[in-house]
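Engineer: Sequence:
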Amino acid sequence: MKGDEFDPKGLILEAYRIDGITKSECRTIFLDWALSIPIEADQKSMLQVLLDRHGADGHPMSEVLNEGLASISAPKRRGGWRSRNRTQTDLN
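Here the sequence shown stands for residues 1 to 92, where the numbers follow this note's numbering.
Possibly wrong hints are sitting among the right ones.
Below, in silico cross-link-like pairs of lysine-lysine (DSS-like), each with a Cα-Cα straight-line distance of 25 Å or less [to be verified]:
(1) Lys-2 / Lys-23
(2) Lys-9 / Lys-44
(3) Lys-23 / Lys-9
Think of the hints as simulated: they come from the structure by calculation, not from any bench. If you're wondering where the values come from, they're calculated on a predicted model, not measured in any experiment.
Using the sequences plus the hints, can you model the full thing?
Structural biologist: So, in structure tokens, the structure goes:
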């Protein structure tokens, strides 16, 4: 195993080591990281640990991690038959 429980593939660590990395490249790495962690993982806690561990002011990966931390929220249903109002007769 290359990384640890917070960065299984070591992607975040490597992003901080790359000189001249762009924010766009960091977003791509972040997506790969997000897809590699278990679905049941507490992403918010993981992001905070990674920021505490690696976060460097002004680094594009720190910006991406902070954006990810700010945008995490509970999943919301957007539509489908369960979101529509139904009358009692529709339910029988």
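Engineer: The structure should be examined with respect to each hint, and the outcome stated for every one.
Structural biologist: Going down the list of hints, with the structure as the test:
1. Lys-2 / Lys-23: Given that 25 Å is the threshold and the Cα spacing comes to 24 Å, the pair holds.
2. Lys-9 / Lys-44: holds, 18 Å
3. Lys-23 / Lys-9: holds, 19 Å
No hint from the list above goes unmet by this structure.
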